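Put together the whole structure using the sequences plus the hints.
Protein chains in written order, with our numbering: chain A, 620 to 1218; chain B, 52 to 393.
Derived from the structure by calculation, the hints contain no laboratory data.
Mixed in with the good hints there might be a few duds.
Within a straight-line C-alpha distance of at most 27 Å, the following computed BS3-like cross-link-like pairs (lysine-lysine) qualify [stated by the list, open to error]:
no. : chain 1 : residue 1 : chain 2 : residue 2
1   : B       : K382      : A       : K947
2   : B       : K382      : A       : K653
3   : A       : K686      : B       : K382
4   : A       : K714      : A       : K975
5   : B       : K277      : A       : K947
6   : B       : K295      : B       : K277
7   : A       : K686      : A       : K653
Just so we're clear, the structure is a prediction, and the values are computed from it rather than from any experiment.
Given next are the chains, with one letter for each unit.
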Amino acid sequence: MRTSLLSPLDQTAACPRRRNAEPTMAQLVGPLRKELADSLSSCRVLVVGAGGIGCELLKNLVLTGFKNIEVIDLDTIDVSNLNRQFLFQKKHVGKSKAQVAKESVLRFCPSANITAYHDSIMNPDYNVEFFRNFQLVMNALDNRAARNHVNRMCLAADIPLIESGTAGYLGQVTVIKKGQTECYECQPKPTQKTFPGCTIRNTPSEPIHCIVWAKYLFNQLFGEEDADQEVSPDTADPEVAWNPADAAARATASNKDGDIKRVSTKEWARSTGYDPVKLFNKLFKDDIMYLLTMDKLWKKRKAPLPLDWTEIHQLESSQEEAFGTGLKDQQVLGVQGYAQLFHRSVETLRSQLIEKGEGAELVWDKDDPPAMDFVTAAANLRMNVFSMNMKSRFDVKSMAGNIIPAIATTNAVIAGLIVLEALKTLNSDFDQCRTVNLQCCSFHAQHNFDGFPNNNKFLSDFGIRNGSRLQADDFLQDYTLLVNLIHSEELEKDVEFEVVGDAPDKAPVSSVPEEGKNIANGNKDSAQPSTSSKAAAEDDDVLIVDSDEEPSSSTMETSLESSNRKRKHHDADTDDAASKRKRLDQQPADDDEDIIALD
Amino acid sequence: MEDNIISEEEAAQYDRQIRLWGLDAQKRLRGSRVLLVGLRGLGAEVAKNLILAGVKGLTLLDHEQVTEESRRAQFLIPVDADGQNQAQASLERAQLLNPMVEVKVDTDAVESKPDDFFFQFDAVCLTRCSKDLMVRVDQLCASRNIKVFCGDVYGYHGYMFSDLGQEHHYVEEKPKVVKGSNEANDGPEAKKGKVDPNETTMVKKTISFCSLKEALEVDWTNEKAKSSLKRTPADYFLLQVLLKFRTDKGRDPQPDSFAEDSQLFLQIRDDVLETMGLSSELLPNTFVSYCFSEMAPVCAVVGGVLGQELVKALSQRDAPHRNFFFFDGLKGSGVVDYFGSK
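Put into structure tokens, the structure is as follows:
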């Protein structure tokens, strides 16, 4: 009969415990005892994120009596935020979230001292010293990279962190205190779901496979080509047992479209002038016919059915679901409809490319209508080829854009709980009544984020010596490396170290110099503040705790996908080509790589 | 009742919630008129949540004036609005939250409203109201299928009550059971690729609620009730004490009369529990100092739950909480519990 809706994290009271039975002449400031109210007004707190949770949190903090608040967010306001990020109005669309949040809060609490940063928390300016300014940090984030980062900074600065997340009707709040609780990274978090290359390229069985394929196709045609995002039939698919008798058939099929392996999809498209009909027939007819020659794949699966442009348009138009009372985007078109959509979007994207000039590349964005149209059309055509029920643009957008549904009330509840936990946390510091919980990973204390100050030190200054094992973590790439240090007197002149052995092949492979492709640096770094309505890329993880907002720019997203996909390759052992060796160069570790001494 | 076409503006603004509760639910919300009584901290939270959700109309009713204390946990009232009517002072910012909602103000005392005043609404939400008023409105409304909600925040504590009538119909979305084929895989044994594992189906349900009167007048003297006492949240009794305080004093405990109000509170506690045939130990003295004013984060939590229950009831989607939600901000614990006839 009685169900618990919200469970407390621990039994520390949100207020100093009262030992006497009778109420005394307590001085109250509103609902709070005066001592608590006073301590709140001198406290400095940092709020990381000014979105769904952030807006509610800022409101709760000032109303509770916190006076000194700093808030940081790299994002700008989008119309889809307005159903819950109540500090923003329609007129603010395009502006900085942190900045507008501050202004809105000041309107109902002019005495609050708020500093807003339109920036990424991962910017090295926000170093350990910066974090040490605060008594408490509260995350209101939507991606794992930033959460990991803040987690480490707070451990390094020894500042309590309150972590939280919401998705739909669910939410969670966790307090992280060095030495008392687990940190955010203590428990392994599930990685993003990825699909093997052969599923995407040869044997899709669910709409999501077709959608991922369509996004890859977008990049291959209009965006940055990626070796991990091939869309052509995969001849290296281990399921396909090559039979010499089939060779002739294959050769014929592959000659038709100019030998898949040697010409890139983009080059081929260019050579046809991005002709939509030719593209259509290659992707949905010729390539499918090629797949059909790999007959072992179709022994127990329904074989794909190629489409032909001319034939489709000779058929009578299929009955399309009445527009009627649904959202326009929720309509499911027929094959002809999606063929038309494909045609139109290719033409539009082609124009965009031309406008941008030589060597231009487009970046996929779910909020860019032709880009979204293209993926909707291409994915649906492929679904049709593989006999799947087609999906509306509305549904495709959810899946392609990793949209997490979100409402105001869940964020309101979670932000309320965050502040109550904040009071408990600060209170236990004042009162020295700690609740000791689980063990922490004590070696995290040795994280060192100020890369430059260390350059003049010796390894021995860090307790690193002969026989030490180092664990290097690059959480942006989701890549871990274990290094054994062995002292040697036998190195060549001027050589300070030598690397022997194989690195685990978990890093993304690039066909261009590594610096250009390194996800952690340069123009793919999501640390750049956005000046348009495109958010920097976010985590694709669909787990409750990790996502509130959805990514709208795919650069980082697809890079993360590819690196994860590579790991999947490795784990699933399905792709021999994945065994590659990473060359370690002799550059000092950059800010994104943490060295943790294990002994 | 509902306007069937959603505009592009609405589709864009409500996108993230339509993806959660569906277009039908959004349409029902769009056709709903709600009365919200009491615009202190909790009222402001509920107002925000309903306006953002996109109801058709929200009437803010409050006869009281803004004071420094009353706007402590209230983010809709400007700091220079002391002396103005609370509902009136909240209007501008409330409307700005979502121009597509008709936000209205009523400065009358709710006690003075005739019965038929309430019949123009699909749901009423009563905060800061006396027990008698709440019982009266509940009796009026529930029989006319007007959803009734009550809620308050007192210091670190808060509660919500709902009466959705004898027959509340709603739907729940359940995953569809697809016979035969499993999740597709890529092995040679793969089945045909026609399955969409994400298909769901809507299941219709009906549930009944008891009146507020019944819920508050549980007989604790019989053996069955006594045995359930251990599992009963103390907040239920705290609510009874506070409602009596409100009736006797015409107001809630105030920080600037902490000493006398605390004494009075303890005395009322003794009276109320004795009348119920229960021990004063159910509510230790320590409760008192945590029942003053409104804690903003507690308003946020209770207002969030209350707001979502209103959305569920109006959209007739998803199982409602039945029939109380109690939140203890000191412990951080929230429980849903049922009081009243089964």
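Tested hints:
| no. | hint | verdict |
| --- | --- | --- |
| 1 | B/K382 - A/K947 | violated (47 Å) |
| 2 | B/K382 - A/K653 | holds (20 Å) |
| 3 | A/K686 - B/K382 | holds (24 Å) |
| 4 | A/K714 - A/K975 | holds (25 Å) |
| 5 | B/K277 - A/K947 | violated (58 Å) |
| 6 | B/K295 - B/K277 | holds (22 Å) |
| 7 | A/K686 - A/K653 | holds (15 Å) |
The structure fails hints 1 and 5 (numbered hints given earlier, in ascending order).
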